[in-house]
Amino acid sequence: MSGQSALRDESELNSGRVATADTSKTADVRFEHVTKRFGDANAVDDLNLEVRAGEFFSLLGPSGCGKTTSLRMLGGFEEPTAGRIFIGGQDVTDLAPYRRNVNTVFQSYALFPHLDVFENVAFGLRRQHVAKVEVKRRVGEMLEMVDLPNFERRQPSQLSGGQQQRVALARALVNQPRLLLLDEPMSALDAKLRRQMQVELKRIQSQVGITFIYVTHDQEEAMTMSDRLAVMWHGKIEGMGSPKDVYDNPTSEFVATFLGASNLLSGEIVRTEGGMVSVATSGGVEIRVPTSRVPDLNSSAVKVGVRPEKIDLAPEGSSPTAGCNSLRGRVRVSTFTGVGNQYIVETESGVEVTVYAQNLGSQFAPRSGDNVVLMWPEEHTFTVRPLGEKTEINELEGD
Amino acid sequence: MTEPRSRGGWGKRLAPYLLSLPAGLWLLLLFIVPLGAMLVMSLETCSPATGACVMTWHWGELPSVVSLYRAQFLTSFYFAAAATLADLVISFPIAYWIAFHGGRRKNFFLLMLLVPFFVSFIIRTIVWEFVLSNNGVVLHTLKNFHLLPHGFHVLGTGFAVVAGLAYNYLPFTALPLYVALERIDYRILEAAYDLYATRRAGFLRVILPLTVPGIFAAFLLTFIPAFGDYVNQEILGGTANTMVGTVVQNQFLVNLDYAGGASLSAVLLAISLVGIFLYARLLGSRTIEQYL
Ligand SMILES: Nc1ncnc2c1ncn2[C@@H]1O[C@H](COP(=O)(O)OP(=O)(O)OP(=O)(O)O)[C@@H](O)[C@H]1O
Ligand SMILES: [Mg+2]
Numbered sequence: 011m012s013g014q015s016a017l018r019d020e021s022e023l024n025s026g027r028v029a030t031a032d033t034s035k036t037a038d039v040r041f042e043h044v045t046k047r048f049g050d051a052n053a054v055d056d057l058n059l060e061v062r063a064g065e066f067f068s069l070l071g072p073s074g075c076g077k078t079t080s081l082r083m084l085g086g087f088e089e090p091t092a093g094r095i096f097i098g099g100q101d102v103t104d105l106a107p108y109r110r111n112v113n114t115v116f117q118s119y120a121l122f123p124h125l126d127v128f129e130n131v132a133f134g135l136r137r138q139h140v141a142k143v144e145v146k147r148r149v150g151e152m153l154e155m156v157d158l159p160n161f162e163r164r165q166p167s168q169l170s171g172g173q174q175q176r177v178a179l180a181r182a183l184v185n186q187p188r189l190l191l192l193d194e195p196m197s198a199l200d201a202k203l204r205r206q207m208q209v210e211l212k213r214i215q216s217q218v219g220i221t222f223i224y225v226t227h228d229q230e231e232a233m234t235m236s237d238r239l240a241v242m243w244h245g246k247i248e249g250m251g252s253p254k255d256v257y258d259n260p261t262s263e264f265v266a267t268f269l270g271a272s273n274l275l276s277g278e279i280v281r282t283e284g285g286m287v288s289v290a291t292s293g294g295v296e297i298r299v300p301t302s303r304v305p306d307l308n309s310s311a312v313k314v315g316v317r318p319e320k321i322d323l324a325p326e327g328s329s330p331t332a333g334c335n336s337l338r339g340r341v342r343v344s345t346f347t348g349v350g351n352q353y354i355v356e357t358e359s360g361v362e363v364t365v366y367a368q369n370l371g372s373q374f375a376p377r378s379g380d381n382v383v384l385m386w387p388e389e390h391t392f393t394v395r396p397l398g399e400k401t402e403i404n405e406l407e408g409d
Numbered sequence: 005m006t007e008p009r010s011r012g013g014w015g016k017r018l019a020p021y022l023l024s025l026p027a028g029l030w031l032l033l034l035f036i037v038p039l040g041a042m043l044v045m046s047l048e049t050c051s052p053a054t055g056a057c058v059m060t061w062h063w064g065e066l067p068s069v070v071s072l073y074r075a076q077f078l079t080s081f082y083f084a085a086a087a088t089l090a091d092l093v094i095s096f097p098i099a100y101w102i103a104f105h106g107g108r109r110k111n112f113f114l115l116m117l118l119v120p121f122f123v124s125f126i127i128r129t130i131v132w133e134f135v136l137s138n139n140g141v142v143l144h145t146l147k148n149f150h151l152l153p154h155g156f157h158v159l160g161t162g163f164a165v166v167a168g169l170a171y172n173y174l175p176f177t178a179l180p181l182y183v184a185l186e187r188i189d190y191r192i193l194e195a196a197y198d199l200y201a202t203r204r205a206g207f208l209r210v211i212l213p214l215t216v217p218g219i220f221a222a223f224l225l226t227f228i229p230a231f232g233d234y235v236n237q238e239i240l241g242g243t244a245n246t247m248v249g250t251v252v253q254n255q256f257l258v259n260l261d262y263a264g265g266a267s268l269s270a271v272l273l274a275i276s277l278v279g280i281f282l283y284a285r286l287l288g289s290r291t292i293e294q295y296l
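For the protein sequence lines, the chains are P and F, in the order given. Its first residue numbered 11, the first sequence is counted upward by one per residue in the working numbering. Its first residue numbered 5, the second sequence is counted upward by one per residue in the working numbering.
Warning: the hint list may mix true and false statements.
[Said to hold, decoys possible] Derived CB-CB ranges, DEER-like:
1. F:Ile36 <-> P:Gln168: 36 to 46 Å
2. F:Val119 <-> P:Pro123: 51 to 61 Å
3. P:Gly171 <-> F:Phe207: 21 to 31 Å
4. F:Ser71 <-> P:Gly171: 29 to 39 Å
5. P:Arg147 <-> F:Gly28: 51 to 61 Å
6. F:Gly28 <-> P:Thr91: 32 to 42 Å
7. F:Val278 <-> P:Arg147: 38 to 48 Å
8. P:Asp104 <-> F:Phe163: 30 to 40 Å
9. P:Arg342 <-> F:Gly13: 51 to 61 Å
[As the list claims (entries may be wrong)] Under the rule of at most 25 Å between Cα atoms (straight-line distance), these lysine to any residue pairs were calculated in the SDA-like manner:
10. P:Lys246 <-> F:Lys110
11. P:Lys142 <-> F:Pro213
12. F:Lys110 <-> P:Gly49
13. P:Lys246 <-> P:Gly93
14. P:Lys142 <-> F:Ala205
15. F:Lys110 <-> P:Phe87
16. P:Lys320 <-> P:Thr291
17. P:Lys146 <-> F:Leu208
18. F:Lys110 <-> P:Phe48
19. P:Lys142 <-> F:Ile192
20. P:Lys146 <-> F:Pro213
21. P:Lys320 <-> P:Ser276
22. F:Lys110 <-> P:Glu362
23. P:Lys202 <-> P:Ile214
24. P:Lys146 <-> F:Thr202
25. P:Lys146 <-> F:Ala205
26. P:Lys142 <-> P:Gly172
27. P:Lys142 <-> F:Leu208
28. P:Lys142 <-> F:Phe207
29. P:Lys142 <-> F:Lys110
Since the hints were derived computationally from the structure, they do not count as laboratory data. Just so you know, even glycine gets a beta-carbon here, dropped at the ideal spot from N, CA and C.
My request is simple: use the sequences and hints to build the entire structure.
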C-alpha cells in the first residue's frame with residue numbers, strides 16, 4: 011500500500027463524512043434474506059444488508075464473490091431467487107429498472123455506441139423530459155467535473171478506456187438519483203485522476219446527499235472513501251462496519267486476511283478472567299486478548315491475530331512490557347521498503363509472522379538471522395473463527 | 005540493419021497481389037468480362053433475324069428502353085418495394101426474437117429459418133404456385149368453410165407475385181437484420197433502462213438506431229434482386245403485371261433482341277448502383293462489408 015497520498019487527502023475526503031453521516035439514520039437500502047442462484051451455485055447467499063440514507067457504503071471482496079450480482083438486483087436487472095429488496099422503505103423487488111430512482115455506473119461502462127459523449131450523458135435527463143437548456147447546462151457541468159470538457163461531440167469508440175469510464179460516471183451522476191450504484195467505476199483511471207474523482211465523488215455525496223454503494227477492489231480507496239463497508243465472500247457478508255472497525259476488529263479469518271494483512275496463530279481458549287481471554291497457541295505460549303475482541307467466547311478453537319504494523323521488535327532477551335503479548339523468534343527476511351522495514355520472523359513454534367516497522371530512523375533494526383522478541387499491546391490482539399478450508403484466502407502480502 | 009528489410013521486401017510487397025490473384029482472375033473472367041460484354045452489347049445494334057450484332061454506339065437505346073418499358077419498371081418497383089416492406093415487417097420480430105431470446109439455440113433457429121431455402125429457387129416457387137392455386141390447400145379449405153367466395157383466386161394477381169417475392173427473399177432480409185440485432189450488447193439496453201428509458205424508449209432510442217445499417221443492408225439485398233426478378237412473375241403472376249426481369253428474359257431468349265435486353269440490364273444495374281452509393285454515403289462504406 012502506498013499510503014502517502016492517501017493520508018494527505020484524507021482530511022478532504024472526510025470533510026463530507028461529518029455532514030452526511032448524521033443527516034439521517036434511516037435505512038435507504040435494505041436486503042432481506044436475498045439469495046440469487048445461477049444454476050446450482052449461489053452467487054448471493056442469504057444476504058442481509060442495510061445502507062443508510064446519504065451514506066457512502068463500499069462492497070469489497072474477491073472476484074466472483076457476488077458484488078456485481080448484488081448491485082444488479084438493486085438496479086432491477088436481476089431478480090432475486092428469494093428475499094426482498096427495499097429502497098427508501100418501498101419494496102422494489104418486482105419493480106422495473108426504469109421505475110427505480112437508481113442509477114448505475116456499470117463495470118463494463120455500457121456506453122451507447124451510436125450516441126456521442128454529450129448525448130450519452132444527456133440520455134437520462136432526456137428520458138425525464140428535462141428542459142433543453144437545463145440539459146445543456148447540467149451535461150456541460152458534469153463533463154467539466156470528469157475532466158472531459160471538450161469531448162461533447164466525440165463518439166465513445168474514439169475515447170480511451172479511462173475516458174469512457176468517466177463518461178459512464180458522468181452519465182449516471184448527472185441524474186442526481188437518490189441512490190447511485192458504482193461498480194468499480196475507477197478501475198481504468200490513473201492514480202492522480204482517481205484521487206481527483208474520489209474527492210469529487212465525496213463532494214457530490216455531501217452536497218446532494220446521494221446514497222452511494224460502491225464496489226471496488228482497491229482497499230485503500232474503500233477505506234478512505236467509505237462511511238461503512240462490507241467484505242463479501244462467496245455471496246455472504248463476512249464483515250461489516252466502519253473501515254476502522256472492520257480493520258481493527260475483524261470477526262472472521264477471511265476479513266482479517268482480505269482487508270490488509272494479518273498474522274494468525276491457531277490456538278485454544280483456555281481461560282477467561284478480568285475481561286481478558288487467554289489463548290494457548292500451538293507453541294505453548296499464551297496470548298491474552300480483550301474479551302470485547304473475541305467474537306465467540308463459546309468456541310474454544312480460534313485463531314488469534316495481530317496486524318503486522320502493531321508489532322514491535324526488541325533485541326533478544328528483552329523482557330516483555332506490561333500489558334503486551336510477546337513471542338520469541340528469528341528474523342528470516344528483512345526488506346527495506348523506504349517508508350519502513352518489513353520483516354518475516356519465524357517464531358519458536360515455526361510459524362511465520364510478518365512485521366512492518368515504520369522508518370523512524372533510530373529504532374532497533376535487526377538483520378536476517380538475528381534473534382528477536384516480538385511484542386504488541388494486548389488490546390491490539392483479536393481472535394477470529396477459523397476457516398474450514400484455507401485454500402481460497404489471500405495469503406499474507408509479504409509472501 | 006537494411007538487410008532483413010530488403011530480403012523481405014519483394015515477397016512482402018507481392019504477397020497481397022499473389023494472394024488475391026485467384027479471386028481476381030475469377031472475378032475478371034466471370035464477372036467483369038460478362039458485365040463489360042453486356043455494356044458493350046447495349047450500345048450495339050442487332051439484327052432480329054440473325055441475332056448478329058454490330059457496334060453502332062447507339063446510346064439512344066438506353067433512354068428508349070426506359071420509356072418503352074416504363075410500365076414494367078413501375079410494376080417491378082411496386083412489387084419489389086411491397087415485397088421488401090413485407091419482408092422487413094415479417095423478419096424483424098423473428099430476427100429480434102432469435103437475437104435476444106434465442107439463447108444457446110440461436111444457430112438452430114437460424115437454420116430452421118433457412119431450411120426451406122435449401123430447395124431450389126424454381127422448385128420453391130412452383131410449390132408456392134401449388135399452395136396458392138385455386139384448388140390448393142389454403143384456398144380450397146377457406147372456400148369450403150365459406151370464408152372466401154367461390155370465384156376467389158390468388159394466382160395470376162399481383163398479390164401472388166409479391167407473396168412469392170417476399171417468400172423467396174426473406175432470408176436476405178432476415179439475416180442482415182439478425183446480424184445487426186445480434187451485435188447489440190444487451191448491457192447497453194440495461195443501461196438505457198437504468199437511465200429511465202421505458203421498454204418503448206429502449207427500443208426506439210437504442211435498438212432501432214443501432215439496427216439502421218442492418219435495415220438498410222436488408223433493404224438493398226432484398227429490393228435489388230426482387231426488382232430484377234422474373235421467375236415469380238412468370239410462375240405466379242400469369243400474363244398480367246409483367247416485370248422488367250420478364251422483359252429482359254424475353255428480349256434475350258424470345259425476341260433475340262440482345263441489344264435491347266442488354267440496355268435494360270444496364271439500366272437495372274445503374275439503379276442498383278445508385279442504391280448502394282446512397283447507402284455508402286449515408287452509412288459509410290465500412291458498414292456495407294459488415295452486413296453483406
Ligand atoms: N448471468 C450469470 N449466469 C451464471 N452465473 C453468473 C451470472 N452472473 C454472475 N454469475 C456468477 O455469479 C458469481 C458472482 O458474480 P459477480 O459478477 O457478482 O461477481 P463480482 O463480485 O462482481 O466479481 P468481480 O469482482 O470479478 O466483478 C460468479 O461466480 C459468476 O460466475
Ligand atoms: Mg463485478
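Hints, verified against the model:
1. F:Ile36 <-> P:Gln168: 36 to 46 Å: At roughly 38 Å between Cβ atoms, Gln168 (chain P) and Ile36 (chain F) fall inside 36 to 46 Å, so the hint holds.
2. F:Val119 <-> P:Pro123: 51 to 61 Å: Roughly 33 Å apart at Cβ, these two residues miss the hinted range, so it is violated.
3. P:Gly171 <-> F:Phe207: 21 to 31 Å: holds (29 Å)
4. F:Ser71 <-> P:Gly171: 29 to 39 Å: violated (60 Å)
5. P:Arg147 <-> F:Gly28: 51 to 61 Å: Holds: the Cβ-Cβ distance is about 57 Å, inside 51 to 61 Å.
6. F:Gly28 <-> P:Thr91: 32 to 42 Å: Once the Cβ atoms are compared, 59 Å apart, the range 32 to 42 Å for Thr91 (chain P) and Gly28 (chain F) is violated.
7. F:Val278 <-> P:Arg147: 38 to 48 Å: holds (44 Å)
8. P:Asp104 <-> F:Phe163: 30 to 40 Å: Given a distance of about 47 Å, which is not inside 30 to 40 Å, the answer is violated.
9. P:Arg342 <-> F:Gly13: 51 to 61 Å: holds (59 Å)
10. P:Lys246 <-> F:Lys110: violated (35 Å)
11. P:Lys142 <-> F:Pro213: holds (21 Å)
12. F:Lys110 <-> P:Gly49: Measuring from Cα to Cα gives roughly 20 Å; hence the hint holds.
13. P:Lys246 <-> P:Gly93: Answer holds: Lys246 (chain P) to Gly93 (chain P) is near 14 Å, not above 25 Å.
14. P:Lys142 <-> F:Ala205: Answer holds: Lys142 (chain P) to Ala205 (chain F) is near 18 Å, not above 25 Å.
15. F:Lys110 <-> P:Phe87: With a Cα-Cα distance of about 22 Å, the restraint between Lys110 (chain F) and Phe87 (chain P) holds, given a limit of 25 Å.
16. P:Lys320 <-> P:Thr291: The given pair, whose Cα atoms are some 19 Å apart, holds under the 25 Å limit.
17. P:Lys146 <-> F:Leu208: Judged against 25 Å, a Cα distance of about 22 Å means the pair holds.
18. F:Lys110 <-> P:Phe48: The given pair, whose Cα atoms are some 21 Å apart, holds under the 25 Å limit.
19. P:Lys142 <-> F:Ile192: Distance ~24 Å between Lys142 (chain P) and Ile192 (chain F) Cα, so the pair holds.
20. P:Lys146 <-> F:Pro213: holds (22 Å)
21. P:Lys320 <-> P:Ser276: holds (19 Å)
22. F:Lys110 <-> P:Glu362: Violated, at about 55 Å.
23. P:Lys202 <-> P:Ile214: holds (19 Å)
24. P:Lys146 <-> F:Thr202: holds (22 Å)
25. P:Lys146 <-> F:Ala205: holds (21 Å)
26. P:Lys142 <-> P:Gly172: violated (28 Å)
27. P:Lys142 <-> F:Leu208: Holds, at roughly 20 Å.
28. P:Lys142 <-> F:Phe207: holds (22 Å)
29. P:Lys142 <-> F:Lys110: Roughly 42 Å separates the two Cα atoms, so the pair is violated.
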